[in-house]
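Asks: The chain contents come next:
There are 2 protein chains.
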Amino acid sequence: MHTVLRSASKTVVIGSDQPFCVIGERINPTGRRIFQDQLRAGDLSRIEVDVAEQVAGGAMVLDVNMGVPLVDEADLLARAVRLVQGMTDLPLCIDSSVVEALDAGLAAYEGKALVNSVTAEDERLQAILPLVKRYGAAVVALPNDEEEIPEDPARRLELARKVVDVATGRYGIAIEDIVIDPLAMPVGADTSLVMKTLETIALIKDELGVNMTLGASNVSFGMPQRHALGAAFLPMAMSAGLTSAIMDARTPQIVDAVKAADLLLGNDEWGASWISMFRARQGP
Amino acid sequence: MHTVLRSASKTVVIGSDQPFCVIGERINPTGRRIFQDQLRAGDLSRIEVDVAEQVAGGAMVLDVNMGVPLVDEADLLARAVRLVQGMTDLPLCIDSSVVEALDAGLAAYEGKALVNSVTAEDERLQAILPLVKRYGAAVVALPNDEEEIPEDPARRLELARKVVDVATGRYGIAIEDIVIDPLAMPVGADTSLVMKTLETIALIKDELGVNMTLGASNVSFGMPQRHALGAAFLPMAMSAGLTSAIMDARTPQIVDAVKAADLLLGNDEWGASWISMFRARQGP
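Sequence order for the protein chains is A and B. Residue 284 is where the first sequence ends in the UniProt record's numbering, and the numbering goes up by one at each step. Residue 284 is where the second sequence ends in the UniProt record's numbering, and the numbering goes up by one at each step.
Take the hints with a grain of salt, since some may be wrong.
Just so you know, same-sequence chains aren't split out, so a pair can sit in one copy or run between any two.
In silico SDA-like links for lysine to any residue, alpha-carbon gap of 20 Å or less [as the list claims (entries may be wrong)]:
| # | residue 1 | residue 2 |
| --- | --- | --- |
| 1 | K10 | G111 |
| 2 | K196 | G266 |
| 3 | K133 | R155 |
| 4 | K10 | D190 |
| 5 | K112 | M195 |
| 6 | K162 | R33 |
| 7 | K205 | Q36 |
| 8 | K196 | G271 |
| 9 | K205 | D165 |
| 10 | K196 | I34 |
| 11 | K205 | G241 |
| 12 | K196 | R170 |
| 13 | K112 | Q225 |
| 14 | K205 | M195 |
| 15 | K162 | D43 |
| 16 | K205 | G215 |
| 17 | K133 | E158 |
| 18 | K196 | N267 |
| 19 | K133 | R6 |
| 20 | K196 | Q18 |
No lab work stands behind these hints, which were simulated from the structure alone. Only a predicted model underlies this, so the values are computations on that prediction, with no experimental measurement involved.
Please work from the sequences and hints to get the whole structure.
Replies: Here is the structure:
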């Protein structure tokens with residue numbers, strides 16, 4: 001199954017027979033006070049640095065989130081989308097918990113975006129899926145609802161199936177435009193949680209066959225040597241069926257792990273990307 | 001299923017609910033001309049360096065191979081086994097293609113060793129399994145026979161099952177003392193070969209439930225950035241069901257990947273090993 005994303009001039013395909021889709025996550029002021037202050041003052045210059053770093057690190061899609069308290073997020077997100085599209089031809093993932101901001105970001109976007117995100121909550125489905133359909137976008141869906149963020153893989157599958165059924169049946173969204181987030185949880189909270197994520201990935205792959213993405217850095221939250229944990233987690237998740245991750249492309253150890261897994265899983269024909277990455281590092 | 005190995009004073013357990021068993025692979029003169037010349041001249045001092053490095057790197061079992069052309073391998077392997085057991089309390093994996101050398105190595109060994117290896121060839125089964133039984137050892141079994149080293153995971157399973165059937169049925173060896181090598185092949189030869197190894201691991205886990213080990217460095221043979229490939233491969237293989245590998249414990253990137261995967265797969269309770277490894281590196 002192929003999820004196709006587009007900017008004005010570039011197409012990126014997410015799929016199990018494709019190189020893993022690295023969605024750069026850094027264009028986001030969450031937890032960054034200076035960046036928040038800059039954005040509040042109308043200074044968007046930091047975005048340019050973040051975009052350049054994610055692109056240089058190998059991001060294939062960029063997540064853009066402008067969730068700053070006390071600003072008009074819809075206006076800011078629309079401006080950020082235009083700015084980023086002026087800098088790079090990578091497709092964007094438009095990320096907000098505010099429906100009006102998603103609407104404004106999508107209206108400003110040229111191409112076919114990924115919307116981040118909807119949940120299995122009825123109210124969110126009703127608010128966000130019409131936007132996804134109207135703008136011809138794809139959407140990330142989280143398998144949690146009003147009641148719970150379930151730990152049980154079978155329950156996560158059930159909620160993922162609910163989103164797929166509603167999106168395809170009620171809103172006419174193509175199943176390949178739904179990207180499920182199997183929910184990556186911190187191993188530091190409970191060492192069984194990563195196994196549950198891996199089982200969820202395998203189940204969703206077998207039962208729904210859709211593409212999947214997740215926030216890779218969640219797994220190592222609160223633990224030392226986070227990069228080494230991320231670099232071990234992603235190959236495991238990829239071999240279980242994960243086809244994309246929202247991650248910081250500035251970390252070579254984790255990007256290398258993804259590229260190595262692409263090669264080992266047969267998605268880097270002749271090892272061409274792996275070998276050219278190595279040659280580029282050796283210099284002329 | 002638990003494969004229990006012992007030296008005179010130490011027990012190591014291989015199993016899917018245990019930390020991954022790192023079998024240090026460096027005590028082996030293959031491809032090392034200076035080491036071969038030293039061994040031929042009766043100088044075993046290099047072994048001490050190799051043992052110390054593997055132990056320092058985190059090996060939990062040591063593979064000892066003394067395959068040097070034009071020497072009495074049986075005598076040399078027996079001497080090496082005694083020397084290594086005088087240096088470390090780690091259990092050993094006694095590694096030779098020569099039946100007499102395995103016999104001499106096992107006779108010299110104190111404890112319960114792992115024998116490396118038998119294949120599904122009738123002649124090898126008949127020569128090696130009686131030794132395994134007589135010395136109360138465990139054995140690594142490769143799923144190839146007189147005809148072929150099969151690529152097909154189902155055929156590898158079939159040959160693995162043959163070894164298990166013969167070893168348990170005809171020689172009275174306990175199934176938990178059979179460790180299957182699912183055959184790691186170089187991704188540089190054919191980018192579909194690693195997937196076949198991963199599928200074989202999952203099949204053998206489901207169908208036989210036995211422990212498995214493999215030569216981890218085979219996968220990256222002939223490719224650049226071998227450590228990064230090994231560090232991505234082992235977590236994938238571990239999540240599929242691999243419980244041990246014969247590998248070079250001197251490479252921190254790969255050992256870290258194994259320890260990270262232990263934590264992520266729930267085999268490092270509370271993350272105690274992970275955190276203490278990090279603290280040890282930070283120094284006092």
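Asks: Within a copy, between copies, both or neither: where do K205 and M195 come within 20 Å Cα-Cα?
Replies: both (15 Å within a copy, 16 Å between copies)
Asks: At 20 Å max between alpha carbons, let me know whether K196 reaches R170 within a copy, between copies, both or neither.
Replies: So K196 and R170 fail the 20 Å test inside a copy (30 Å) and across (41 Å) alike.
Asks: Are the CA atoms of K196 and I34 at most 20 Å apart within a copy, between copies, both, or neither?
Replies: neither (36 Å within a copy, 49 Å between copies)
Asks: Is it within, between, both, or neither for K205 and Q36, if the alpha carbons may be no more than 20 Å apart?
Replies: Cα proximity of K205 and Q36: none, with 38 Å in one copy and 50 Å across.
Asks: Could you figure out if K196 and Q18 sit no more than 20 Å apart (CA to CA) within one copy, between two copies, both or neither?
Replies: between (25 Å within a copy, 18 Å between copies)
Asks: Please sort K196 with G271 into within, between, both or neither, judging by C-alpha distance up to 20 Å.
Replies: between (31 Å within a copy, 17 Å between copies)
Asks: I want to check one pair: K196 and N267. Are their C-alpha atoms no more than 20 Å apart within a copy, between two copies, both, or neither?
Replies: Between copies only: 14 Å across chains, 25 Å inside a chain, cut-off 20 Å.
Asks: Treating 20 Å as the Cα threshold, decide for K196 and G266: within, between, both or neither.
Replies: between (25 Å within a copy, 10 Å between copies)
Asks: State whether the alpha carbon distance between K133 and E158 is at most 20 Å within one copy, between copies, both, or neither.
Replies: neither (23 Å within a copy, 50 Å between copies)
Asks: 20 Å Cα cut-off: does K133 pair with R6 within a copy, between copies, both or neither?
Replies: Within. Shortest intra-copy distance 15 Å satisfies the 20 Å Cα cut-off; inter-copy 63 Å does not.
Asks: Classify it for me, K162 with R33: is the Cα-Cα distance of at most 20 Å met within a copy, between copies, both or neither?
Replies: neither (37 Å within a copy, 64 Å between copies)
Asks: At most 20 Å between CA atoms: does that hold for K162 and D43 within a copy, between copies, both, or neither?
Replies: Result: close neither inside a copy nor across copies, 41 Å intra and 70 Å inter.
Violated hints, in rising order: 3, 4, 5, 6, 7, 10, 12, 13, 15 and 17; the structure is consistent with all others.
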